[in-house]
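Add chains B and C to chain A, keeping to what the hints say.
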Amino acid sequence: MQQGLKEKAIQLLKDGTVDRVLGWKTGEFFYDLTPAVFRTPEEVEKDFVFSVFSGANLSKYLIAESRKGGKVAAFLKPCDTYSFQQLLKEHRILRENVYVVGVQCDGTCDIEKIKAAGCEGVTAVREEGESLVAETLYGEKTIAKKDALLERCTVCKSHKLVVFDELIGEQGEEQDAGRFAEVEKLEKMTPEERYGFWRGELSRCIRCNACRNVCPACSCEKCIFDNPDSGARNKAAADSFEENMFHIIRAFHVAARCTDCGECSRVCPQHIPLHLLNRKFIKDIDELYGEYQAGADMDTKPPLMDFDKGDCEPSVVYKRGGEKA
Amino acid sequence: MKQLPLSRLNDLFAAISAARKLYIPADDAAGQARFTVWQEGTALSKNLNTVRSAKDLFFPQVENLVGFKVTGKQIELIESRDPSEPFVLFGVRACDCRSFDILDKVFLAEPADTYYKSRRENGAVVTMACTRPAETCFCTVFGIDPTDPAGDVTCWQDEKNLYWRANTAKGEALTEMLPLLGDAGEEAVKTQQAETRKILGRLPLKDLDLRGFDGEHMMELFKSPKWASLSESCLGCGTCTFVCPTCQCYDIEEFNTGSEVKRFRCWDSCMYSDFTKMSAGQPRPTQLERFRQRFMHKLVYFPANNDGVYGCVGCGRCLQKCPIHMNIAKVIKTLGEDAK
Amino acid sequence: MQVNGEFQPTIVAFCCNWCSYAGADLSGTNRLQYPANVKIIRIPCSCRLNPLFILRAFQRGADGVILCGCHPGDCHYTTGNYYARRRMTLLFSMLDYLGIEKERTRVEWVSAAEGGKFAATMNEFVQTVTKLGPNRRLEDLRCSKD
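Chains as they are written, first to last, in this note's numbering: chain A, 1 to 325; chain B, 1001 to 1340; chain C, 2001 to 2146.
The hints are all genuine.
Below 30 Å or equal to it, Euclidean Cα-Cα: the simulated DSBU-like pairs (lysine-lysine) are: (1) A:8 with B:1330; (2) A:222 with B:1262; (3) B:1226 with A:14; (4) A:46 with B:1206; (5) A:185 with C:2131; (6) A:160 with A:185; (7) C:2131 with A:319; (8) B:1198 with A:115.
I should point out that these hints are in silico values taken from the structure, not numbers from a laboratory.
Chain A extracted, bound-state conformation:
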């Protein structure tokens, strides 16, 4: 698979289809890939990598890249194509300046999971069939690939690529892998338990803004949290209220536009399960306003920009969910 993408990148540059390619660049340890722009076949040959650690969603970079003139090729996995299409819908990406190479994917891996499984000092990782062999400072360790998958890949919602100019690998289908299981577990708790859970999680937040900056749905030129006129600007959470406020408001701002790409949770340095907030909104929307997948097509109106005269009342919140206070 890796070789196929590399060759494709070189071919697209050589035949002039594009003048640059957005992909992943090799790092020090095999797992630390950086998204990068390649401008010559030589650069691709030297540094381009596609591996189980190519988890980064490249679609957000295309907002800026598609406006730099010329044409850029981007390698997008199925989940990335949903983000790409959602951004097209919002007129953020100039479609004619992007050549999308869809790449089928069976899951990307999480170096944090590999480390948590006891691999300290990982200096290199190689794939051997369905296993990953980690070379470490303290010896070699093998881990099954399925045990090292990113959380979002264990409940992958779709192998279908919704937009591409060319496809590497086979087209796939949507699937139901039970991605709302964790949300349901939380819904069944009492409000006190939920409050305790979220305080425990959100109190670790350091307001590094990695989640916001990596999120394709968070593409405002001036974010409300950076705008002194908004009344919500802060650079650090001074107390528990501000910790809650940042996450509630950010989740609300991306509600019905979040494609559930899982990048927010992948990049959080404090391992806060942010996807549980976004998936709650998605689940509520599916149950109350009809199943909706952001980025699945170009025409369906996002549920928060739409209404039905027969919509339920907000008092439905009193009747839904598990335990009551």
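Just chains B and C, lined up with the frame of chain A:
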């Protein structure tokens, strides 16, 4: 040199805690270490290092400076600084310990920052030597010895015992308060240090070359065309600055509570688009300038102004936590050729 | 806030200018009593209510927040309250998910002719929130007065 069987570690923490507030690295709900106030039952983390560095204890993320209350034409100043009391910071690694020296150069230079100063005077630093460094560690590149960290007291830990050596007057005073520590020889520590040094010899980043990163090469490095490719995928999030033990930029802001205005300071990040933004505009208009500024500061401007001391301690947190895996090691390697 | 030792909640009521604010006015002209702890903020339409306003109300000392607007179908701007209905449903569900007591937030549709309904709603809401006690989960300690 003193020692204590590991089985009595809890007693040690209890004894220190009886006299001072004690912070130790303990695991949080996600299994990562953070400096936590010790209470009965808090266990020492087995992780190599904390996610947030030890600078939190001397330079907290949010700190009240002063408050104002206006009644009619009277303005009342309200002292709102958090009271600082003596405390002990246990389990600091060599890298974080060196970071205090770097922060001291900034905060204790005249006029001294009294908020930071009182915390530094009140804090006793008990360091812990490393035995299983990670692939992301490169403190040795900056002349730091992880097998013999500085601090008021240095500790080592093997399978059986904790070893304890006071280095300063503060460390001696702390040791006096702990009669449960027994005497020990030097052999066990020396053996451990030798073992660890073998591992240090295998670290992939041990040979990072800092030659040329100094004041004389400032303009060549500043003008290097490589900054464009280094910075192109930087998200400008600020994670690196917040986990970094030496980053020290802060913003001073005010919060109107309705009855009072609280002036406080909070960490800021040179990666942010509004950092040092002035009414005339933003002097660092794109991410390239901001990215370049951060690394030039750590690798060139700071050593040029501080007798060659680099603004990095090689802790490796930026390598582990950057969402797109860009870090100072990659910058040093990429620009290394230009600097020679 | 405490009055004579007893907890009196602070309620913020966002009322849309065309229906519910007029309804509040009507309850006043009809001399229908409702508690003084309700602070009314007039907005042009229920759709104006940004979720941030609700959080800010809690931050600044509110113990309960209620949004009043025109009945669905009767919005002065035709469709504003339909959007508000969806928005508030999702927001309240999220607040509940974070463990904030769901009885602290409410939406009530009050027309300009329903002075009685306005007063009754406020009376009932104040009673409910009084039972819940002061807002602690969405409190900003820097802003608390007691």
